[in-house]
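If you read the sequences in order, they're chains A and B.
Per numbering that gives the first Met the number 0, the very first residue in the first sequence carries number 0; after that it's consecutive.
Per numbering that gives the first Met the number 0, the very first residue in the second sequence carries number 0; after that it's consecutive.
FYI, nobody ran anything at the bench for these hints, they're computed from the structure.
Treat the hints loosely; a few may be bogus.
[Said to hold, decoys possible] Simulated crosslink set (DSSO-like; lysine-lysine; CA at most 27 Å straight-line):
#1 A:Lys111 - B:Lys60
#2 A:Lys110 - B:Lys60
#3 A:Lys110 - B:Lys110
#4 A:Lys152 - B:Lys110
#5 B:Lys57 - A:Lys157
#6 B:Lys183 - A:Lys111
#7 B:Lys10 - A:Lys95
#8 B:Lys147 - B:Lys110
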Amino acid sequence: MSYLVAFLACAGTLSAALALYYWHLGDQNILFDTEAVQDLLVQHDPQRGEIICRCSIPLTNRGEQQGMVNNVFCQPVYCGKIMKGMEIKSKINVVKDKARENGYWESLIVKKNAYFLTQLEVRIRHSTVDIPTLIRQVPRLTIVIYYQIVGRKGIQWKLAELPFPLKDAQVPAELKQEKVVE
Amino acid sequence: MPVQLIPVQTKLVTPDDDLLEVIREYCGPLLQKGDILVAAETMVAITQGRLIRPENVKPGKCALFISQFVHQDGSLSSPFALQAVMNEEGTLRVIAAFLLSAFTRLFLRRKGDFYRLAGKQAALVDDITGTVPPFDKYIVMGPKEPEKVVAAIKERFGIEAAIIDANDLGRSQILAATEGVDQKLLLRLFKKNPAGNADQQTPLVIVRRTS
Numbered sequence: 000m001s002y003l004v005a006f007l008a009c010a011g012t013l014s015a016a017l018a019l020y021y022w023h024l025g026d027q028n029i030l031f032d033t034e035a036v037q038d039l040l041v042q043h044d045p046q047r048g049e050i051i052c053r054c055s056i057p058l059t060n061r062g063e064q065q066g067m068v069n070n071v072f073c074q075p076v077y078c079g080k081i082m083k084g085m086e087i088k089s090k091i092n093v094v095k096d097k098a099r100e101n102g103y104w105e106s107l108i109v110k111k112n113a114y115f116l117t118q119l120e121v122r123i124r125h126s127t128v129d130i131p132t133l134i135r136q137v138p139r140l141t142i143v144i145y146y147q148i149v150g151r152k153g154i155q156w157k158l159a160e161l162p163f164p165l166k167d168a169q170v171p172a173e174l175k176q177e178k179v180v181e
Numbered sequence: 000m001p002v003q004l005i006p007v008q009t010k011l012v013t014p015d016d017d018l019l020e021v022i023r024e025y026c027g028p029l030l031q032k033g034d035i036l037v038a039a040e041t042m043v044a045i046t047q048g049r050l051i052r053p054e055n056v057k058p059g060k061c062a063l064f065i066s067q068f069v070h071q072d073g074s075l076s077s078p079f080a081l082q083a084v085m086n087e088e089g090t091l092r093v094i095a096a097f098l099l100s101a102f103t104r105l106f107l108r109r110k111g112d113f114y115r116l117a118g119k120q121a122a123l124v125d126d127i128t129g130t131v132p133p134f135d136k137y138i139v140m141g142p143k144e145p146e147k148v149v150a151a152i153k154e155r156f157g158i159e160a161a162i163i164d165a166n167d168l169g170r171s172q173i174l175a176a177t178e179g180v181d182q183k184l185l186l187r188l189f190k191k192n193p194a195g196n197a198d199q200q201t202p203l204v205i206v207r208r209t210s
């Protein structure tokens, strides 16, 4: 009887120790840190008839383990009937030497405490309405970033929202100058 | 004996491709009698369709637990890759390998037993991010029946052939080779991974003896 009790006690202690170890290891905490957006730019290009929104978003891992950002998709939040004629192209990529310009998100390992800078670019056009009218109707466009993290404890889908103030769209100085020359 | 290594650049090889046709198209004009054709194991695996999306793998408790003990740089540190290996090699085998290797690691200070005991796929699997796009989104398993593949290459092209798992870490492994291949020489030659592991897209290398 005492052997059985000892065996059960050992097995219980070992299981508890392993469970504690598993819990103690923690998980990844990878996120697009939209609170720390840098270099936000909203530009109106009258020659092309489009608004270009651009910003840098830090991608960080504040967790205890590494994870992999496997897929990233960007999508605008619906902003009313005017969206019917809107063409919105967005791409996001990691800022590095050999970044892919085609918008393909290459799976990325983000180690514990690692930091990458990503760049989000959104180009907005409208087929029937001119840009000033579009801006009046949509003063702010929110882009949602859905990203898939493959971690050591499972797959997670996360979401980040980023509002672009279209009403603040500036015409670049070089384009203004060209207009004066005309 | 001096040898020349000729890395052959190919298109992006996909599961729709036939390996022998890829070799014919890209190496056919270059091959000479006495050459050894070395194929990268990942390319062979891709042509065999050995690709698994992590979303299609449901890691069990054992995979979730054991993967935590694998160093984070290893493919099996991902429970998805480990579960994929368990599905092929058997869950019991992997659990036994884990327990035995834990013992040998703790008491005999020996490393690498887990990979030796858990089956070939444990050492060959590449987790996501481990392969060039678009296969960076997939777990790439090791090739099936590599012996048959090298035999088919020899039969079709009349040259010796080998399938190798080489990487930039200097750890190469020959999966299969025809009888006439000097495996020691090949391992020495591929220690520096002449085909590259990144975007070089040179999964075939011709080894030619020069006199």
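Okay, the hints, checked on the actual structure:
The straight-line distance between the Cα atoms of Lys111 (chain A) and Lys60 (chain B) is roughly 23 Å, inside the 27 Å bound, and the hint therefore holds. Using a Cα cut-off of 27 Å, the hinted pair Lys110 (chain A) and Lys60 (chain B) holds, with the two alpha carbons roughly 24 Å apart. A threshold of 27 Å between alpha carbons decides the hint, and for Lys110 (chain A) with Lys110 (chain B) the separation of about 24 Å falls inside it, so the pair holds. With a C-alpha separation of about 25 Å, the suggested pair Lys152 (chain A) and Lys110 (chain B) falls inside the 27 Å cut-off, and the hint holds.
Note on Lys57 (chain B) and Lys157 (chain A): the hinted pairing holds, with a Cα-Cα distance of about 19 Å set against a maximum of 27 Å. Taking the CA atoms of Lys183 (chain B) and Lys111 (chain A), the gap is near 39 Å; set against the 27 Å cutoff, the hint is violated. Our distance criterion of 27 Å between C-alpha atoms is met by Lys10 (chain B) and Lys95 (chain A), whose separation comes to about 25 Å. Among the hinted pairs, Lys147 (chain B) with Lys110 (chain B) is inconsistent with the structure: their alpha-carbon atoms are about 31 Å apart, more than 27 Å.
The structure fails hints 6, 8 (numbered hints given earlier, in ascending order).
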